[in-house]
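J.: Could you build the full structure based on these sequences and the hints that come with them?
Taken in sequence, the protein lines are chains A, B and C. Under the numbering used here, residues 1 to 433 are what the first sequence spells out, in order. Under the numbering used here, residues 1 to 288 are what the second sequence spells out, in order. Under the numbering used here, residues 1 to 304 are what the third sequence spells out, in order.
Read the hints as simulated data drawn from the structure, not as lab findings. Predicted model, so just to flag it, every value in this text is computed and none were measured. Treat the hints with care, since some could be wrong.
Some chain B residues judged to face chain A by a derived CB distance under 7 Å, without partners named [stated by the list, open to error]:
id: 1; residue: R86
id: 2; residue: R92
id: 3; residue: L106
id: 4; residue: V111
id: 5; residue: A112
id: 6; residue: N115
id: 7; residue: V181
id: 8; residue: D182
Don't be surprised by glycine CBs; every beta carbon is placed ideally from N, CA and C.
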Amino acid sequence: MAALILAHHQTSPAERLKDAAAVAFIALLLGIPMIGLLTVDQGGALRIATRWPALFAFVAACFVGRLVLRYALDQWRARQLARDQADTPAKEVSLATNPLLNWIGWVALGVSVALPIVFAENRYVVDTATTVLIYVMLGWGLNVVVGLAGLLDLGYVAFYAVGAYTYGLLSTQFGWGFWSALPVAGAITASFGVLLGWPTLRLRGDYLAIVTLGFGEIIRIILVNWTELSGGPNGIASIPRPSFFGLPFKPPGDDPTFASFFGLEYATHQRIVFLYYLILVLALLTNLFVSRMRRLPIGRAWEAMREDEIACKAMGINARNVKLSAFAIGAMLGGFAGVFFAARQGFISPESFTFSESAIILAIVVLGGMGSQLGVVLASLVLVLLPELGRDFAEYRMLLFGAAMILIMIWKPGGILSHREPTLRYFANGGRR
Amino acid sequence: MTAPAPLLSVEHLTMRFGGLLAIDDLSLDVAARKITGVIGPNGAGKTTFFNCLTGFYKPTIGSVRLNHPQRGVLRLEALASHQVARSAQVVRTFQNIRLFPQMTVLENLIVAQHNALQHASRFSLAGLLGLPAYRRAEAAAMAKAVGWLERLKLIEKADTPAGALPYGMQRRIEIARALCVDPLLLCLDEPAAGLNPRESAELNELLKHLSRDEGIAILLIEHDMSVVMNVSDHLCVLNYGRKIAEGTPAQIQKDPNVIKAYLGEEDADEMRADELRADEAIDQEAVR
Amino acid sequence: MALALQQLINGLTLGAVYGLIAIGYTMVYGIIGMINFAHGDIYMVSAFIAVTVFTLLAGFGISSVPLSLLVVLLVAVFFTSIYGWTVERTAYRPLRGSTRLAPLISAIGMSIFLQNMVQLTQGARVKPIAPVLVGGIDVLTVDGFTVRLAYSQILIVVVTVTLMTGFTWLITKTSFGRQQRSCEQDRLMTSLLGINVDRTISLTFMLGAALAAVAGVMVTVYYGVVDFFIGFVAGIKAFTAAVLGGIGSLPGAMLGGLLIGLIEAFWAAYLSAEYKDVATFTILIVVLMFRPSGLLGRPEVEKV
Chain A
1 MAALILAHHQ
11 TSPAERLKDA
21 AAVAFIALLL
31 GIPMIGLLTV
41 DQGGALRIAT
51 RWPALFAFVA
61 ACFVGRLVLR
71 YALDQWRARQ
81 LARDQADTPA
91 KEVSLATNPL
101 LNWIGWVALG
111 VSVALPIVFA
121 ENRYVVDTAT
131 TVLIYVMLGW
141 GLNVVVGLAG
151 LLDLGYVAFY
161 AVGAYTYGLL
171 STQFGWGFWS
181 ALPVAGAITA
191 SFGVLLGWPT
201 LRLRGDYLAI
211 VTLGFGEIIR
221 IILVNWTELS
231 GGPNGIASIP
241 RPSFFGLPFK
251 PPGDDPTFAS
261 FFGLEYATHQ
271 RIVFLYYLIL
281 VLALLTNLFV
291 SRMRRLPIGR
301 AWEAMREDEI
311 ACKAMGINAR
321 NVKLSAFAIG
331 AMLGGFAGVF
341 FAARQGFISP
351 ESFTFSESAI
361 ILAIVVLGGM
371 GSQLGVVLAS
381 LVLVLLPELG
391 RDFAEYRMLL
401 FGAAMILIMI
411 WKPGGILSHR
421 EPTLRYFANG
431 GRR
Chain B
1 MTAPAPLLSV
11 EHLTMRFGGL
21 LAIDDLSLDV
31 AARKITGVIG
41 PNGAGKTTFF
51 NCLTGFYKPT
61 IGSVRLNHPQ
71 RGVLRLEALA
81 SHQVARSAQV
91 VRTFQNIRLF
101 PQMTVLENLI
111 VAQHNALQHA
121 SRFSLAGLLG
131 LPAYRRAEAA
141 AMAKAVGWLE
151 RLKLIEKADT
161 PAGALPYGMQ
171 RRIEIARALC
181 VDPLLLCLDE
191 PAAGLNPRES
201 AELNELLKHL
211 SRDEGIAILL
221 IEHDMSVVMN
231 VSDHLCVLNY
241 GRKIAEGTPA
251 QIQKDPNVIK
261 AYLGEEDADE
271 MRADELRADE
281 AIDQEAVR
Chain C
1 MALALQQLIN
11 GLTLGAVYGL
21 IAIGYTMVYG
31 IIGMINFAHG
41 DIYMVSAFIA
51 VTVFTLLAGF
61 GISSVPLSLL
71 VVLLVAVFFT
81 SIYGWTVERT
91 AYRPLRGSTR
101 LAPLISAIGM
111 SIFLQNMVQL
121 TQGARVKPIA
131 PVLVGGIDVL
141 TVDGFTVRLA
151 YSQILIVVVT
161 VTLMTGFTWL
171 ITKTSFGRQQ
181 RSCEQDRLMT
191 SLLGINVDRT
201 ISLTFMLGAA
211 LAAVAGVMVT
221 VYYGVVDFFI
231 GFVAGIKAFT
241 AAVLGGIGSL
251 PGAMLGGLLI
261 GLIEAFWAAY
271 LSAEYKDVAT
281 FTILIVVLMF
291 RPSGLLGRPE
301 VEKV
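T.: Here is the structure:
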């Protein structure tokens, strides 16, 4: 019986060849203008060059690749089918928390705390890990807006930029320190969040997307052109680094420094490690804050708003306040990340705040699984490390990055972790409370 | 004895969409602690009437007054939809169920108590810190939700995402969620649609219980005559946006205008037979 | 006055190009409800194909402007439609029926992929081509300022008007147009009626790509330079145009395109060239505040 059904689903080798040939033909058509032909600049005038061998290789690769993929897919489906028939009883929807996820979370925390100790001498690893954590923090912030409240924001980088420039200006113009600037920058970006949220309250879905995208571009264009304020395309340089409770990371001098106070020998990696732990703490606080908010009335209202705005209104929930609070809190968290970014780099310019940055942060939230905190971590790891690992073949890394975004989405359309954990339970994990 | 002042009085309500007159000069009183049924053929303007009551549409002309026992007379037509639920405690359900499908049943009922909880959480600060006052409010909200879930036989599904449950259960969840808002007036838009006979019999019992024992006034749009005729204390019939009849179920069943609206002129004779059967059904119900 | 007239001409030309690209956004949005972020890059691919074919033709010694234009248009439309088809088939079709955001992320990935593919295969440098269509008509001269209507501008406006007319006919009068519109209304019902929905969607993508291809050729003729990044900017402008006009509405896309072209031209001439994009987006936000469905979009009546 099973064999019969399997035979039905199995494509014949001839069919597979035909299918692969069709794919190769499309590849040939796609390849002719882009790979086969090439225009080269010769003394100001263009000339045509050809790359037929490369085109042939591309078409052949598509042919073979399709054959293999098709074969693998068929095998996988056949096995899937056989398994489905083996255990017919319908699977109960699992309501219990997945203990594995909790476990992964704790391991991730342990690894991130131990990382700079293990890689104390490897500046590159600690630096990259810091970058990952910045994206984790941004992802958690945007998760409030997109994942929880369901408001599609394509201009999140604007808040990151406002936070960074607020610290950049406060510190270089008015001599503010990192810790005093942090809350002020948070308040300013939160008001920018409200400023963006206000005109978009009535907009739905994709209209909101283009308006937020436009908002992000407006902020960037202003930063590029308002030279007196922002330094224009040159940005702001020599932004002071954060200190350790007033002790700067500097070579020994007149004032006490971190190294002299603790009787250590001065080394640059002290600052790198300090910055790493700083963003780790900020990110963990963000996580704690967002998970806590999610379990509060406002957090539940965000999610309810995502599910059905009209039903929310019928329950007496003020949709305006709920949306604005999501925008404000998401923006504030982005602003905090921006302050840290400015303090870590010591230099900021509009180039760091382009649309592609927004796209990457959004991709982290969606790839991670909307609303999932741990998913954001996994997606940030993938999206930051992928281009880093690709440095050896630097030319192809962004190409592969784009392809990976498509493939992950097709593989897991709901994101890597799409499980939603209820904010409260009646039955304590399976048993009666 | 004079009649008590009505809970809700609708006067000269008119709703116009461009050239279409969806509701035409409708006046209606809804008594406290009673079930008022609104029936009429498809497109008669019943749901539009609900939308005008609950702030989703602004009526073109007319007024909707609610006698709130604590807050005095409230003009519903001037309130935004969330204020209708929050200040006037007029809560509705939807013809095509509108739950929060990915949230659990319990969460759906907790979201309905948002305003009380949000107030207790003091702009989320008390909530973030986990202060006792907030914890008490949360426990009270939980108790209320669990209470309704138990009474509506939904407690076993408390932790299941609402969207994953069968249709009849989703209807009950929507009613339970509306009850968590502490309604003075509960507006139900076709609560029996898609229910099987056993489920609609249970619905009848629930509605009677809510109006008699809980003191909640109910405004009911329904096509299922076994529900409307059985539970309604008072009936209002709409056709083409106009009120064509009003009275007790028994009066409505004999009203020639209603028969005409539902069946057309020629079928009026056949209706006599149906009417007899409906009378029998009510008698049997009374015997039981 | 003369300056205003010149900017009117320039704005209309630019707007026509935006409008052509915007139609692709609007049609795809109408039929599968997604923002095809890679659409701007499809237009960029077409511009590169145009550069290649113009160079090829020049190499063959073909100097007749109408002939080479025609050949380039046909070749670019052909290859670009295949790109449009492939993008839909590989990146979007597997995600049909999943969440609203999944295809959006896939589209952003596709946009990154196409940009980098072109950068890798054709080089990152700006490509200048020999002017194809030179000259123009001097309309009038006021105080030493000559208002000039270039032949390429006439070409763009004429081609756009022709395409729009043909396209309106295609959508309103032909069997494909009816299928396309019925897919927009209800995809499931359409498939129950025996219409191949997948094929209709594929054709929609190819048509959108074909219009973007025409826009790409026109821009190559008009500006004479292309680079791998032009798709992003034009894509965002065209998408803004589609939303401004009311996404899902074909005349809306054209109107939005023209408005944005005019806003840019006039803002750049009279106020500041640096802030012209700020003006565009600000006007978009203001319009949407008062008309949440855009200028010609059907106002979305919330069914309660």
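J.: Less than 7 Å between beta-carbons is the criterion; does V181(B) satisfy it with respect to chain A?
T.: With a closest approach of 6 Å, the V181(B) hint holds.
J.: If you take the shortest Cβ to Cβ gap from A112(B) to chain A, is it below 7 Å?
T.: Holds: closest Cβ of chain A sits about 5 Å from A112(B), inside 7 Å.
J.: A closest beta-carbon separation below 7 Å is what the hint needs, so does V111(B) meet it against chain A?
T.: At about 4 Å, which falls below the 7 Å cut-off, the nearest Cβ of chain A leaves the hint on V111(B) intact, so it holds.
J.: Against chain A, is N115(B) within 7 Å by beta-carbon distance?
T.: holds, 5 Å
J.: Holds or violated: is there a CB of chain A closer than 7 Å to the CB of L106(B)?
T.: holds, 5 Å
J.: Could you check if D182(B) really has its C-beta closer than 7 Å to a C-beta on chain A?
T.: D182(B) check fails; min Cβ-Cβ to chain A is 10 Å, beyond 7 Å.
J.: Next item in the hint list is R86(B). Is there a CB on chain A closer than 7 Å to its CB?
T.: holds, 4 Å
J.: Any CB of chain A closer than 7 Å to the CB of R92(B)?
T.: holds, 5 Å
In the structure shown, a violation is registered for the earlier hint numbered 8 alone.
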